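*Asks:* Here the protein sequences line up with chains A and B, keeping their order.
Be aware that the first sequence starts at 1, since it is given in the working numbering, and climbs by one per residue.
Be aware that the second sequence starts at 1, since it is given in the working numbering, and climbs by one per residue.
If you're looking for bench data, these hints aren't it; they were derived computationally from the structure.
Careful: at least some of the hints might be erroneous.
[Stated by the list, open to error] What the simulated footprint calls covered on chain A by chain B, stretch by stretch (three residues with Cβ under 8 Å from a Cβ of chain B suffice, anywhere in the stretch; the number is not a length):
1. 173 to 180
2. 309 to 321
3. 402 to 409
4. 445 to 454
[To be verified] Pair by pair, the computed Cβ-Cβ distance ranges are:
5. HIS50/B <-> ASP49/A: 34 to 42 Å
6. ALA338/B <-> ALA559/A: 42 to 50 Å
7. HIS213/A <-> PRO342/B: 25 to 33 Å
8. SER60/A <-> ASP383/B: 55 to 63 Å
Computed from a predicted structure; not experimentally measured.
Virtual Cβ for every residue (Gly too), placed ideally from N, Cα, C.
If you want the building blocks of each chain, they are given just below.
2 protein chains.
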Amino acid sequence: MDGPLTTRKAATRDLRALFDPNTVAIVGASATIGKWGNWLARNALRGKDHRRIFLVNRTSAEILGEPVYPTLADVPETPELVVITIGSAGFEQAVEDALAAGARAIVGITAALGELGGAPLETQRRLAGRVREAGAVLVGPNCLGVADTATGLNLAFGDFTTPGPLAIVSQSGNLALELVRVSARRGLGISRFVSLGNQADLDATEMIDSLTHHEPTRVIAAYVEDFGDGREFVRAALRARSAGKPVVLLTVGSSRSAARAARSHTGALVSASVAVDAACHAGGILRAATAQEVVDLALGLLLPKLPRGRRVGVVGDGGGHVALAADLLSGQGLELPALSQPLAERIARTLPPNAATANPVDLAGGGEQDFFNYSNAVKALLDCDEVDSVVLTGYFGGYSEDDPQLARIERDVARAMAAAVEESNRPLIVQSIYPDAPTLDPLRAAHVPIYDDIQSAARVLARLVGHSSHEPSGVPDLGPVKAGAPVVPGYFATRRLLESAGLAFPEAREVTDSAAARRAAAAIGYPVALKALGSEHKSDRGGVRLGVASEAELDEALADMSSRLHPPSFSIERVAPTGGGVELLVGVRRDHSFGPILVVGAGGLYAELAGDVAVALAPVTEDEAAALIRSLRIAPRLLGGRGSTPLDVGSASRAAVALANLAVSRPDIAEVEINPLLVTPKGAIALDARIVSA
Amino acid sequence: MDGPLTTRKAATRDLRALFDPNTVAIVGASATIGKWGNWLARNALRGKDHRRIFLVNRTSAEILGEPVYPTLADVPETPELVVITIGSAGFEQAVEDALAAGARAIVGITAALGELGGAPLETQRRLAGRVREAGAVLVGPNCLGVADTATGLNLAFGDFTTPGPLAIVSQSGNLALELVRVSARRGLGISRFVSLGNQADLDATEMIDSLTHHEPTRVIAAYVEDFGDGREFVRAALRARSAGKPVVLLTVGSSRSAARAARSHTGALVSASVAVDAACHAGGILRAATAQEVVDLALGLLLPKLPRGRRVGVVGDGGGHVALAADLLSGQGLELPALSQPLAERIARTLPPNAATANPVDLAGGGEQDFFNYSNAVKALLDCDEVDSVVLTGYFGGYSEDDPQLARIERDVARAMAAAVEESNRPLIVQSIYPDAPTLDPLRAAHVPIYDDIQSAARVLARLVGHSSHEPSGVPDLGPVKAGAPVVPGYFATRRLLESAGLAFPEAREVTDSAAARRAAAAIGYPVALKALGSEHKSDRGGVRLGVASEAELDEALADMSSRLHPPSFSIERVAPTGGGVELLVGVRRDHSFGPILVVGAGGLYAELAGDVAVALAPVTEDEAAALIRSLRIAPRLLGGRGSTPLDVGSASRAAVALANLAVSRPDIAEVEINPLLVTPKGAIALDARIVSA
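Just chain A, with the same shape it has in the complex:
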């Protein structure tokens, strides 16, 4: 197999020349305001104290008061880093010139290369090869640039100059601009930024690997469209996570029109959403839906202590705010336990008689009576063993906004809360109507995230609970590919292949006429099931009849199906004992980037309706398969809730393992699915199956 799934060794090239070069040349620097070459020159020159900047332009004599060199060859020093921002026609030559001048890193801003497929894509590949041969690294082309706040490097369009713990790795320049803008609004600074563009050479995987060793980076925000070898991407994310730098991922492609756009954008093939989910699960990657959510999650991940359970204590001054918080937190699967009487009474002691202290805690005007009632209630919850995290919601932060004379006391209360956070093993998360209030600075300094929207706070908290309690499953090895006969289409061929892989089906015989059908039914024993073959949606079309109890009924059903559906053949099957069983769906789909993905879900009639699925990178162990099944919403039905008989989850798990192993070893299988897999108290039996060839 050649392609993105070919295993690639994690490249650990030295990127010093990219992020901390001693010399930089900007090819295409411009004096014209509004041009990229002007932006880049201006931003680069702001780093003059750190390094020497050389502007290159064939026609200008001076730009921004700096001398200009007509070509790279004229630059008096070896440019460690060369930024190319000229028309696409000259790009290839400019890369060659940069290598000839001794560049160790090249940033290709130039766009419109590789967007159209064909020759430009070839050009990119060839150029990337040339760059690697020369021991250099190429960023882009079609990118926004790079920045490093620790080294004072800003070779990008946009303001990536405020230092902080967030690294931004993005295939889209404009989404990077949105990420940095939203971060700035929330007071979150940047460690490094790289706009990957078409990823001709440097890609998201290598960049994340590099950030794993980058001290100032604490969280990595990645926008990726083309994951290349997706499993290597996941391994890099795992390494980063182990180094204490979790990856928050934004990607696209869950809609067909998005794929249309992404294809046209960078020539990338977008991985389907479900495969990304499996990858995130395996790599402990937090997936976000928008730039805002990326920043929301990053702020939460920077908490010094993450929540170790689902129990939340809520504090606010106002019944509306705390009730709303309770609703939204519960809606995210978090719990608000009623506080013990001693604790509730202790909190109540300094509050008005109408305060609620059972959780949520409503100060009921007590916040205005004595502002330290806020910090006292927060501290009481942070210090108790009855909750795992604390949420402060509502007006706090606003007293100083409405009356500047209250700024001092509000800040003192914030300081008291920050001190309580530092002494506690539990995190505090704040939602405030006034999230930007300077009086909240002590909380920000203690890495307490402050949201303007309680829904965002609730979502982040739930994600953090999942993040801290879920140990990523890691990336399973694909193992050797099995040589085998090509997949034969058809129901019985599929059954045989799956049976040989270890899956159980009810006894069945293929027949084409009434006499053979009668013989088969007699041999199996009435009642039997009758299926008309040759259609994928047999049961929808009335091509399945269960409980055929007699020869007469069999004849009637055969005649009916023959006249309506004209099937090439029929299957006569033993009726599975459905009573008390639960139908699952088990399938494997091969993803271009992430390889075979195992899907387990509620099956049968409700498979698509319920949307109750769990996914994993295949292959899986039996324990992992069982964990997937137990994570389904339908799980209580399988595990024996309400006094019902527990079903054979072990058999179902083994069936999933077998199916995954088959798909992993046979790259010619694009999709394989058992639906339903009937799970009974004693075993799991496949009632229908299909295979799609690659």
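Fit chain B to the supplied structure of chain A, relying on the hints for placement.
*Replies:* For chain B alone, kept in the frame of chain A given last:
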């Protein structure tokens, strides 16, 4: 029946004295900064040009440079509006004094009244009665005040002074502060504000009715915990909607802990979430989950033209942004149709060769080449018949931020878009990384909503499509209550009651011993179903056996269930022909505020799992019931998709109508549920049922 469901006539009291008084007295005015009496006095005095303000305080001689009167009786003019902001002990007397002084409106800021139930609640009721007798109106107590930007009235804590089209009606003061703060950030001004507090007299229903005739108000934002007579609330919302003033509702109580908080807050009983959903459906009310979402929706509702269908055209400069928009819009159930070739080519004409123009439209750098490419693409989509709305996403608004010299052209492009919007029958919605950019002012002036978050934009657009295409069903009359014998518990009594209401059950006989069971089975004919009675979760506990085919099997099953479950009796039933049928759940729950609520959903094993339900205020017509069923995700299974036989939705609808009618006429039924209702090609039959008495 006495209680909130007693029909109340829509009160249409004159609220002029509340929102445009000629004279105002503030009882409890204070010179101490940080006290409510100080805030209110300061805010009130800002309206001195509009009316005469009298400060009342027993101990101060002068406050804020104004004379102070020791009691209301000392005030030289009749105070049309009296604001009371003193301790709760003196509140009752202050109300009496206000009425004695001739007040037409009273605003009770004073809190801690009625929060504890019992006597204070009685006090409130008595006071409200006294106020009504005197022909006056009382706001609160326990509220933040009132404001009217057209009349220059601000008798509230907080900044409710920027005029605009949004009316805020809130039971929670602090959530009102959040609403006004978020509105201000988005450039949305306020028409009127009223903090309802405990709603002792003036409530949300009356306030909405009053706003229906308030010219400056175009959208009503309501935060309500206690709906009182919920159906009257819905009727008021319908009247407001008909007057072009839709209601956006924020409420709480979907979690148990929220209910705990809300109870302690205003002594209100919070209506369960599902009943609120039914109410919103009936009243064309848009329900929001947070203050942010209220404002998001309000901005959308102010669009001069609402979308008339689900088709969206997306424009942006950058593949990442447009792909993300496509994903999130599709995720909201909207469609991005591929544009026709002529239109796509027309848009492509002035764009770079790598631009995508199939929808989403990615200018691919064309925005920077010529900024009017933005407005041209937007206008082309606004003018075409291929989409119902247009979304602009990404960087636009940022050019001027990054380079002030580009402000003029960016504003010109915004102006061109605004002109295109005004000429078009379709709405434009904008997401911008720079939502506050002044260059976007022409769009704001054309009532184009601008969001900072593409997910918010997508959600609002989907809600607007639903709002403009969904004609609210209105509030059905409850009709006369039927006198009848009290509900008898038990399976067979329930069956008989429901059968008499018109529902069909399979033939069944109740038996207590083996001999009777054999006789019953023989009479019905094998195979039969056997149910052990006396437990609500029969099937979970192995108390249901289907397809009992012989006397021997019957004996064995009876012995097994008897030994395990010790049921008081058994039911022997005809086996329903399940093949090809679909199981629904049909139920009615009586809500304290909104009365009987019909619930229709996917039933059987998956009822709770799938969460696939539709709700309505009962009773319903057969058409309405059918519409509810057709709105389920499971609907394609019933309607005959993929060549399957259509099921008898008519019978299922009639069953829902019958169940709703029964529950409506019998207030002693708190809950009644059929699950499953088996819908077959020929009829709908109830396979199990339960009733809970009120």
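*Asks:* Would you mind marking each hint as holding or not holding in the structure?
*Replies:* Now for the hints, and whether the structure bears them out:
Against chain B, the segment 173 to 180 of chain A contributes 5 residues with a C-beta closer than 8 Å to a partner C-beta. That satisfies the three-residue criterion, and the hint holds. Given as covered by chain B, the segment 309 to 321 of chain A passes the check, having 7 residues with a CB less than 8 Å from a CB of that chain where 3 are the minimum. Interface restraint, the segment 402 to 409 of chain A with chain B: holds (4 residues with C-beta to C-beta distance below 8 Å; minimum three). Under a criterion of three residues with beta carbons nearer than 8 Å to beta carbons of chain B, the stated coverage of the segment 445 to 454 of chain A is upheld, 3 such residues being counted.
A hinted range of 34 to 42 Å for the beta carbons of HIS50/B and ASP49/A is inconsistent with their spacing of about 60 Å. A hinted range of 42 to 50 Å holds for the C-beta pair ALA338/B and ALA559/A, which are about 45 Å apart. In this structure the supplied range 25 to 33 Å is violated for HIS213/A paired with PRO342/B, their Cβ-Cβ distance being about 54 Å. One distance hint, 55 to 63 Å for the beta-carbon pair SER60/A and ASP383/B, is violated here, with the actual separation near 43 Å.
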